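Q: Line by line, the protein sequences are chains A and B. Counting with our numbering, you get residues 1 to 153 for the letters of the first sequence. Counting with our numbering, you get residues 1 to 199 for the letters of the second sequence.
No lab work stands behind these hints, which were simulated from the structure alone. All of these numbers come straight from a predicted model, not from anything done at the bench.
Only pairs whose alpha carbons sit at most 30 angstroms apart, straight line, appear in this in silico DSBU-like list of lysine-lysine:
(1) A:K47 x A:K150
(2) B:K39 x B:K107
(3) B:K107 x B:K152
(4) B:K110 x B:K152
(5) A:K81 x A:K103
(6) B:K102 x A:K103
(7) A:K103 x B:K39
(8) B:K152 x B:K14
(9) B:K152 x A:K102
(10) A:K47 x A:K81
(11) B:K152 x B:K39
(12) A:K81 x B:K110
(13) B:K102 x A:K102
(14) B:K14 x B:K110
(15) B:K110 x A:K103
(16) B:K107 x A:K102
(17) A:K102 x A:K81
(18) A:K102 x B:K110
(19) B:K152 x A:K103
(20) B:K102 x A:K150
(21) B:K107 x B:K14
(22) B:K102 x A:K81
(23) B:K107 x A:K81
(24) B:K39 x B:K14
(25) A:K81 x A:K150
(26) B:K107 x A:K103
(27) A:K150 x A:K103
(28) B:K39 x B:K110
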Amino acid sequence: MRKIWFFYFLLCLNSSCEPDDICSEANPSTPQLVFRLYNSSQPNEFKAVDTLRIMSLNGEATLEFINTDSIALPLQINASKMNAVFTISNGIADRVEIDYQKKDIYLSRACGFQSTFLIHTIGVDQPANWLNSIVTVTNQVIIDTLAHVKIFH
Amino acid sequence: MSKPIRSVVEDRYKGLEFTADYRLTHTLYLAGEVGMEDKRVISESLDFNTSGEYLKLGFDINLFRNWQGMENQLLTGFRLGTSTHNHRVHGYAVRQLNNIWKEELYKPLKTPIDYNNLSAFWFEILVGVKAELLTNLYMGISVRMNYLINDKEVDNFDNLYIPGFHRVSDVSSWGAGLNYTIMYQFPLYRKIREYSYIR
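Only chain B is shown next, with the shape it has when bound in the complex (with noise of 0.2 angstroms):
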């Protein structure tokens, strides 16, 4: 549910994700998400847009030993995760620490800077919860770390956010993630889906 609350709650931010798993074994899970994500971000320094798709695939494995017929999930995982993403750059500061001349350093583009065509693989993995609400009816909350194995380099400018990844830090490969997801299960095919919203 995060998802549509910040897309509403947050200004510049929209995003979506649907998420499904698939029971291998009692506790072993197929699990997997993909969404898309639209962010902007203005600081003093920078003022760019990111859009995207990702899809994260992967496994769960439920730690929690249920009661007969209870379906509830005390959960940890991993997924693999891959996105295409564009940039655009909407104006940015420039790094003046002598500004003798009193010139305006700010610098907003008539023209946007498009950086096309980009792409990130990650490795992720969380831990959460999973309680059964209604009948067949879930909600789960897991956190999550995200490790940056890959991206396309950018000319000239940087993967500063990844849709699905999120926040990307200049000085770490080390991200992080909250997802808050409501799924039904579709019992006749033992089939778990979810539609969920990441923040």
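So here's chain A without its partners, still in its complex pose (with noise of 0.2 angstroms):
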């Protein structure tokens, strides 16, 4: 008999506070596209940029990038086509279009779903300033832990 209660005992501490509510940091969230900056006259070396500014064609909103090769861009959730300007020191600027698939995955009850893409095209508009060509290594964006696209320039 005593037994049994401790029994019991044990099973309501090992369900005590679950933290299934709580949607933290660590979680997975929307991949963001990841381009990698190649120099075009040695494709195999990366090149960083001084500075990079991304501007989306209404200019609501820049994303910055200092001195890396290394960058990462929040796709548009809401659409399926993206227009940014993409703006090196100097002020020199090239227009890029990507055009994408979104698709909803669901992740848990606390952090709901994420976005993933299926990247159909990565276009520059020609003739191009600084952008020399743009490589996918990758379509799907579903992870941002590794480059998607080369961009040499």
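Assemble the dimeric complex from its two separately framed chains, guided by the hints.
A: Here it is as structure tokens:
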């Protein structure tokens, strides 16, 4: 008899407090589109930019990167096409158009869903000013720990 | 009694349960519940509805030694439970840590997404008391621990709520329940039937 109650006591301990109501920073989120910058004359070498500003066409928001060869661009989750202007130092700018398809994937009770993307095309307005070419490494944007796109400049 | 109370008090909840037990020996009862639940869960990240039916079967053991003629119970027992249910997602939030474009991240769905023909299978252990209020009329309360054995996987969603099992945790197979019952004993057949409402 005493053993039975001890068993129930253990069960109660087991079930206390479940932290699945909280979505923490460590949980997955919607992946960003990751670009790596390469040297167009030495295609195997990274080439950093001093400053790079990415602005949406309506100028609502700007992302700024300083002295880096790796940039991450959040894709718009309520659109299937994005236009952004990539500007480096001295105001040299190129307009980039990204066409993609979005799919929402369930994460968890607390975190809801995330968007994942399938990239159709990434194009640069010609003639390009500083972006020599863009190569898509993978068109599936599901995680953002690896690069999806190579930029040669 | 808790289920109609809860149906009235709690918004977006409907539930009903019928339970019965049958005495096999002085201490051992065959026991079961059948019921339905319809629950809508709205949070910052999700808005969904779960509805379905469930059936539980098992045994109760009376640990209480009654005086002659008394029928009170201090009981423990177990159940195997199974459900058939559906989920309907009305809206969800997309998790976007870097919301630089200042987009609306919550998406109400004009056409809800349905996930139908789902099922689950679980084990319950319970402790409870039952007391005779009037002749042949009993009132009981039991606390239950549920362990989810198996549930049919949902494509791009999850069984966050299961009728009869209640809330399902993302991180543990354990759940819990509380049950208030009112039951009537049919003395001719030495059979007890109860109408109850589960919380």
